[in-house]
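Work out the full structure, taking the sequences as your base and the hints as a guide.
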Amino acid sequence: MKEILEILENDARISTSEIATLTKIPEPQVRKMIKEAEKKGIIRKYKTVIDWDKAGEECVYAIIEVKVTPEREVGYDAIAERVARFPEVVSVRLVSGDHDLSLLVKGKTMKEVAFFIAEKVAPLEQVQSTVTHFILKTYKQDGDILLEKEESKRLAITP
Amino acid sequence: MIADRVKHIPPSGIRKYFEMVIGMDDVISLGVGEPDFVTPWPIREACIYALEKGYTSYTSNWGLLELRNEISRCIASDYAIQYSPEDQILVTTGVSEALDLAIRATINPGDEVIIVEPCYVSYKPCVIFAGGKPIVVATNMSNDFKVTPEQIEEKITKKTKAVMLSYPNNPTGAIMGKKDLEGIADVVVERDLLVISDEVYDKLTYDGTHTCFSSLNGMYDKTILLNGFSKAYAMTGWRLGYAASTPEIIAAMLKVHQYTMLCAPITAQTAAIEALRNGRDEMLAMVREYDRRRRLIVKGLNELGLDCFEPKGAFYAFPCIKGTGMSSEAFAETLLKEQKVAVVPGDVFGASGEGFVRCSYAVSRREIKEALDRIRAFLK
Ligand SMILES: Cc1ncc(COP(=O)(O)O)c(C=O)c1O
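Going line by line, the protein sequences match chains A and B. Per my numbering, residue 1 is the first one in the first sequence, and the count goes up by one each step. Per my numbering, residue 160 is the first one in the second sequence, and the count goes up by one each step.
If you are wondering where the hints come from, they were derived from the structure by calculation, not from laboratory data. Heads up, the beta-carbon is just placed ideally off N, CA and C, and yes, glycines get one too. Careful, some of the hints might be misleading.
[Claimed, not checked] Taking lysine to aspartate or glutamate and the EDC-like style, the derived pairs with C-alpha atoms no more than 20 Å apart in a straight line are:
#, chain 1, residue 1, chain 2, residue 2
1, A, K106, A, E88
2, A, K153, B, E193
3, A, K149, B, D195
4, A, K24, B, E462
5, A, K24, B, D366
6, A, K149, B, D185
7, A, K153, B, E469
8, A, K153, B, D185
9, A, K24, B, E469
10, A, K149, B, E526
11, B, K283, B, E513
12, A, K140, B, E441
13, A, K120, A, E81
14, A, K149, B, D184
15, A, K2, B, D195
16, A, K2, B, D440
17, A, K47, A, E88
18, B, K458, A, E3
19, A, K153, B, E513
20, B, K458, A, E18
21, B, K458, A, E27
22, A, K2, A, E38
23, B, K528, A, E18
24, B, K481, B, E513
25, A, K32, A, E3
26, A, K108, A, D51
[Stated by the list, open to error] Reference listing, derived: stretches of chain A covered by chain B, where coverage requires no fewer than 3 residues with Cβ under 8 Å from a Cβ of chain B:
#, segment
27, 62-70
28, 94-101
Listed below in structure tokens is the structure:
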């Protein structure tokens with residue numbers, strides 16, 4: 001199972017018949033295992049890593065540090081869930097250190113992101129403060145280095 | 160002006176294809192005998208750090224003790240064999256140098272060395288350079304390219320000094336299991352031979368487990384174990400390997416090494432320490448990927464009607480092309496010209512490799528698929 005997940009993690013579009021070839025697990029079995037992993041939520045979804053800058057679609061990402069006041073009984077969960085529902089928010093994480101929640105927020109312009117934080121997040125009752133860090137350049141994302149692919153330096157024929 | 164010994168050795172058959180490929184565009188090369196991965200970053204980074212700290216000197220002739228300690232520890236943990244880092248491990252510039260030292264330290268002029276073909280291209284010339292006489296044993300596909308005790312016994316004369324073994328094998332991808340090797344060990348004991356065992360592909364064993372020759376009963380004193388970093392850790396260009404054997408043999412090899420090489424490069428040695436300490440996970444991830452490619456290429460070649468023995472180790476498939484009616488050389492040449500896929504004709508690795516071509520799967524899956532498509536078009 002781990003083998004199949006590892007292959008899919010690197011190439012979500014690979015066919016089940018190719019997975020069967022690569023692993024020597026019969027194809028019907030592969031299909032069944034993938035179905036099961038999907039059902040159990042082990043496979044959350046199939047994504048494509050896109051370099052939007054390169055596609056000419058400018059968009060802006062920012063990391064937002066949020067300090068919050070935890071609430072009785074629900075701790076950080078209620079406020080985290082509440083923030084997570086905004087479509088602008090790409091990810092929400094509870095972190096250790098001098099702030100509590102770390103958000104990744106996406107918008108078309110810096111202004112849009114700044115206003116979203118100022119209007120939707122900062123005013124929430126439990127939020128004490130926010131700090132916004134705009135992302136200027138992404139070098140690595142989800143395990144993939146986004147630099148130009150290096151050319152192979154091997155000779156064409158070696159013993 | 161040139162010494163006879165050198166003059167009479169034909170230039171490597173691989174060279175010719177290399178020259179043909181140069182200047183051609185859009186070639187997919189399955190002719191490469193080295194990993195397509197670059198050395199894992201933590202290993203490179205360790206070397207950069209060492210350079211910054213000023214590690215730029217010679218090392219002891221033996222190699223850095225820290226590295227020999229790691230090598231000793233790894234052999235012990237992988238194969239339960241103890242080699243003392245003090246006087247039983249010699250760090251060399253690749254298995255290539257270790258091979259040369261092993262032969263020069265043990266072979267007298269006229270001594271015969273049994274070489275199991277098809278095999279890596281250097282064995283025969285190295286024996287000849289040392290004044291020895293290579294005696295070829297040919298393996299074949301019907302026996303999974305394994306060598307049998309009988310085949311070796313048949314070639315033994317009063318002059319036989321050593322047997323060169325190399326499993327997992329370049330170019331066939333064959334491996335030999337413990338049982339197979341024990342048969343060879345019996346002959347080695349009976350006829351009092353030495354075994355030079357090139358195990359540079361040991362980590363690249365996909366089906367079954369690798370058996371280190373010196374771990375066999377009675378073989379510890381009769382084996383020179385050669386291994387290195389080129390294949391498992393994707394470190395070909397660093398030029399680093401080692402030999403492990405008895406103190407007596409290693410002392411003899413050291414003598415040649417100290418007067419010819421002095422020591423292996425310190426840059427590579429510092430990187431290799433990191434490889435052995437922390438590189439295992441990345442190494443295993445590369446091995447898993449080779450294994451997937453292996454299945455992809457073997458299935459693909461068989462579907463094309465090229466009868467392909469299932470390689471169990473290294474990163475080569477060795478399909479039989481006899482059905483095409485072409486010689487290995489003609490096959491490789493026309494395939495390159497017509498479809499721009501480079502493979503290496505099997506006879507480069509010994510006469511018994513005729514009728515086969517070596518296809519390396521140390522290339523991306525995308526390239527393997529494209530190469531298979533082109534070979535399909537070629538065979539039509
Ligand atoms: C069987 C075998 N031995 C030795 C070598 C050379 O290894 P190194 O890079 O350690 O000199 C190779 C390289 O192709 C090989 O295939």
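Original post:
When you check the alpha-carbon spacing of A:K149 and B:D195, does it fall within 20 Å?
Top reply: 13 Å, holds
Original post:
Given the proposed pairing of A:K149 with B:E526, does the C-alpha separation stay at or below 20 Å?
Top reply: 16 Å, holds
Original post:
Is the Cα-Cα distance between A:K24 and B:D366 20 Å or less?
Top reply: With a Cα-Cα distance of about 12 Å, the restraint between A:K24 and B:D366 holds, given a limit of 20 Å.
Subject >> 20 Å Cα cutoff - pair A:K149, B:D184 >> reply: 19 Å, holds
**OP:** For the pair supplied as a hint, B:K481 and B:E513, confirm whether the alpha-carbon distance does not exceed 20 Å.
**Re:** At roughly 9 Å apart (the allowed maximum being 20 Å), B:E513 and B:K481 satisfy the hint.
Original post:
Hey, A:K140 versus B:E441, does the alpha-carbon distance stay inside 20 Å?
Top reply: Given pair A:K140, B:E441 holds - Cα atoms ~18 Å apart, limit 20 Å.
**OP:** For the pair supplied as a hint, B:K283 and B:E513, confirm whether the alpha-carbon distance does not exceed 20 Å.
**Re:** 17 Å, holds
Original post:
When you check the alpha-carbon spacing of A:K47 and A:E88, does it fall within 20 Å?
Top reply: With a Cα-Cα distance of about 18 Å, the restraint between A:K47 and A:E88 holds, given a limit of 20 Å.
Original post:
Is B:K458 close enough to A:E3, meaning Cα to Cα at most 20 Å?
Top reply: Distance of about 19 Å is within 20 Å: holds.
Original post:
Within a Cα-Cα threshold of 20 Å, do A:K153 and B:E193 meet the stated pairing?
Top reply: 11 Å, holds
**OP:** Below or equal to 20 Å on CA atoms is what counts here, so check A:K120 against A:E81.
**Re:** 14 Å, holds
**OP:** Quickly compare the C-alpha distance for A:K108 and A:D51 to 20 Å and report which way the hint goes.
**Re:** 15 Å, holds
When held up to the earlier numbered hints, the structure conflicts with 7, 15, 19, 27 and 28 and fits the remainder.
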